[in-house]
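Asks: So the chains spell out like this:
There are 2 protein chains.
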Amino acid sequence: MGSNHQPAHILLYGAGSIGGVYLYQLLQAGCKVTAVCRSNYDTVKNHGFHLFSVRYGNIVYSPSAVVQDVLECVDQVFDFILVCTKSLPGNKPSLPEQLKPVLSGRPQTAIVLAQNGIGIEDEVAAMFPQNPILSGVVYCPAVQTGPGTIEYPEFLNLLELGTFPSTAPHRHAAERFADLMIQGGGGAQVHDDIQVARWSKLLMNAAWNPVGALTLTTDGDFLRNSGPYGDDLAWGVMVEIVMLAREMGVTGVTLQVAKEKFAIASKRAETGTGREMSMLQDVRQGRSLEVEAILGNAVRLARDKNISMPRLETLYALTKARCWALEKEASKVNR
Amino acid sequence: MGSNHQPAHILLYGAGSIGGVYLYQLLQAGCKVTAVCRSNYDTVKNHGFHLFSVRYGNIVYSPSAVVQDVLECVDQVFDFILVCTKSLPGNKPSLPEQLKPVLSGRPQTAIVLAQNGIGIEDEVAAMFPQNPILSGVVYCPAVQTGPGTIEYPEFLNLLELGTFPSTAPHRHAAERFADLMIQGGGGAQVHDDIQVARWSKLLMNAAWNPVGALTLTTDGDFLRNSGPYGDDLAWGVMVEIVMLAREMGVTGVTLQVAKEKFAIASKRAETGTGREMSMLQDVRQGRSLEVEAILGNAVRLARDKNISMPRLETLYALTKARCWALEKEASKVNR
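Just so you know, the sequences run in chain order V and W. Residue numbers for the first sequence follow full-length UniProt numbering, so the first one is 1 and each next one is one higher. Residue numbers for the second sequence follow full-length UniProt numbering, so the first one is 1 and each next one is one higher.
Heads up, a few of these hints could be off.
[Claimed, not checked] In silico contact screen, one side only, chain W against chain V (beta carbon under 7 Å); selected entries:
{"id": "1", "residue": "Arg38"}
{"id": "2", "residue": "Tyr41"}
{"id": "3", "residue": "Lys45"}
{"id": "4", "residue": "Thr215"}
{"id": "5", "residue": "Asn225"}
{"id": "6", "residue": "Thr314"}
{"id": "7", "residue": "Lys320"}
[What the hints assert, rightly or not] PhoX-like, lysine-lysine: derived pairs with alpha carbons at most 25 Å apart:
{"id": "8", "chain 1": "W", "residue 1": "Lys86", "chain 2": "V", "residue 2": "Lys328"}
{"id": "9", "chain 1": "V", "residue 1": "Lys267", "chain 2": "W", "residue 2": "Lys328"}
{"id": "10", "chain 1": "V", "residue 1": "Lys328", "chain 2": "V", "residue 2": "Lys86"}
[Unchecked claim] Ranges between beta-carbon positions, derived for each pair:
{"id": "11", "chain 1": "V", "residue 1": "Asp42", "chain 2": "W", "residue 2": "Lys328", "range": "53 to 59 Å"}
{"id": "12", "chain 1": "W", "residue 1": "Pro169", "chain 2": "V", "residue 2": "Lys332", "range": "54 to 60 Å"}
{"id": "13", "chain 1": "W", "residue 1": "Gly90", "chain 2": "V", "residue 2": "Glu97", "range": "51 to 57 Å"}
{"id": "14", "chain 1": "W", "residue 1": "Asn58", "chain 2": "V", "residue 2": "Ser308", "range": "48 to 54 Å"}
{"id": "15", "chain 1": "W", "residue 1": "Tyr61", "chain 2": "V", "residue 2": "Ser308", "range": "51 to 57 Å"}
{"id": "16", "chain 1": "W", "residue 1": "Pro165", "chain 2": "V", "residue 2": "Glu270", "range": "41 to 47 Å"}
{"id": "17", "chain 1": "V", "residue 1": "Ser331", "chain 2": "W", "residue 2": "Ser104", "range": "52 to 58 Å"}
{"id": "18", "chain 1": "W", "residue 1": "Gly227", "chain 2": "V", "residue 2": "Ser166", "range": "26 to 32 Å"}
{"id": "19", "chain 1": "W", "residue 1": "Glu329", "chain 2": "V", "residue 2": "Gly57", "range": "31 to 37 Å"}
{"id": "20", "chain 1": "W", "residue 1": "Met127", "chain 2": "V", "residue 2": "Ser331", "range": "48 to 54 Å"}
Quick caveat, the hints were computed from the structure, so don't treat them as lab data. In this text, all values refer to a predicted model and were calculated from it rather than measured experimentally. No residue lacks a Cβ here, since even glycine has one placed at the ideal position from N, Cα and C.
If we strip away everything but chain V, and leave its shape as in the complex, we get (with noise of 0.2 Å):
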């Protein structure tokens, strides 16, 4: 890793919401920072992102560099990958074969895994051993609108740090990007124990995730409309979340964090408001849902525990599905 005097050189792999809002941050911060683009490549190369946010205003910035593929760089060594791509594990090519060619022989570049979901970080480690990698959950209710197009409407923003796994010594990697992400503006916050946070917000995406996907409702539409069955169902999901949870070791995710979580939701459906899930968005965009990282890889360790998850398990059956026909019909329209 570069020294702290360095402006930090950071490949962004993934420059979507997140990623987009993250990028005006890090150029606040002096960083140099290469940004890889698909599908928003030739707006964001000849234009760069506009960005219509509460918290930031609303401002037209460009990546210090845009590529369309990591193979365009691979002379360059980083300090920080920062992954803000959906967490699709079991998807070819996988993440790590993605990152290869800018990871190979360069042990030194900490590799940021800003995603959702549980054991995410596990096929990344298994493949680079020896590089530093920061586990990060995001609190940034960004939506891409259009190509290069941020909708921000809201103040929150924060991304929990920590190291993966928790005992790994490299600490002063997650304060260093910490202090970028604060410098540029935003909140960060570096944590003992990040799969503590990482599983909290599990509580969340695993119940209002699913429902806003196949119900295509917010969490406050959807408890204000399903009666009292709708409050059984989201809560009972977070139990079976804090019963797992409990089963895996993971200190901190009570019945108490749940009751927190939920009664967001709760708020939500009194005062007639409600948020689109990121699922909902990918269901009316006819994207990929992130359902392994979800809830895929929440229910397989249920198994594995001998812990009932039977409304878990039936919004992860009904997802897996409704995501198989969402991909069915895009191949039918780019055929």
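On the provided structure of chain V, position chain W as indicated by the hints.
Replies: Same frame as chain V, but now just chain W:
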């Protein structure tokens, strides 16, 4: 009820896909049939029904009379009112309120409920305690693809009939109606306890209808693309219903029967085929879903009886919210 030697006079309430097929059968049996048509009134009035079928060929036929509202035929006394509408208990006006104009002071008219779900007879029996009520379970995979146009691509045709309640003394009415259906070329059976048949069909309806509505897959595609958790979900729902049926004293709805029902979908998964359930068709066409008849009545009975139904309750909450979102979208379109 009229003599067996007079042609029966029948009011067909709900002339969609199933109603349109049964209309043909009743006409073939020599009945006089007045059809209440709503969305397809103009087409049926002017051009009749066009049926494209394996069982009856491709034919055109018209009801003896077509009306838009039962108020147009209050001066007539019917032997049977055959109800082939969706079952939407709890909707306003209720089904008995809709039928009242042709049933007031006519205790001899038999009411045939050819509808899905369980507990669907209760509100009709409460308002018309003197009328013979026949409960019918329909196997007739037909779809109305446009106003008055019915596609019916399978040979299957079976109406299972019985009195409501099963101990009621009007079995002769069930036998007469079954005879008419058979004379018309269809299949019909009179059961001593129709609730056994109703609950047996619920095994499939409760599993496959919400799965189709939520995932937009057929039964076969769902099983092929949701992994082992998909099998566990569908089978788990069937087991929950067997447990409830046992508690409710509905005999003959056993794990063995559930296995046979489940095997139909497994076979379709193996052969790469599958059936689009009615709720999936309803979602595609933006229509209301039979949520309460198929799911709500079952989960409420289960709560009363202290039977745990985590899977069916999950499907109920999701489908109820999906139905709300569909109706909200429809109201926007029609505004």
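Asks: What are the numbers of the hints the structure violates, in ascending order?
Replies: 1, 2, 3, 8 and 11
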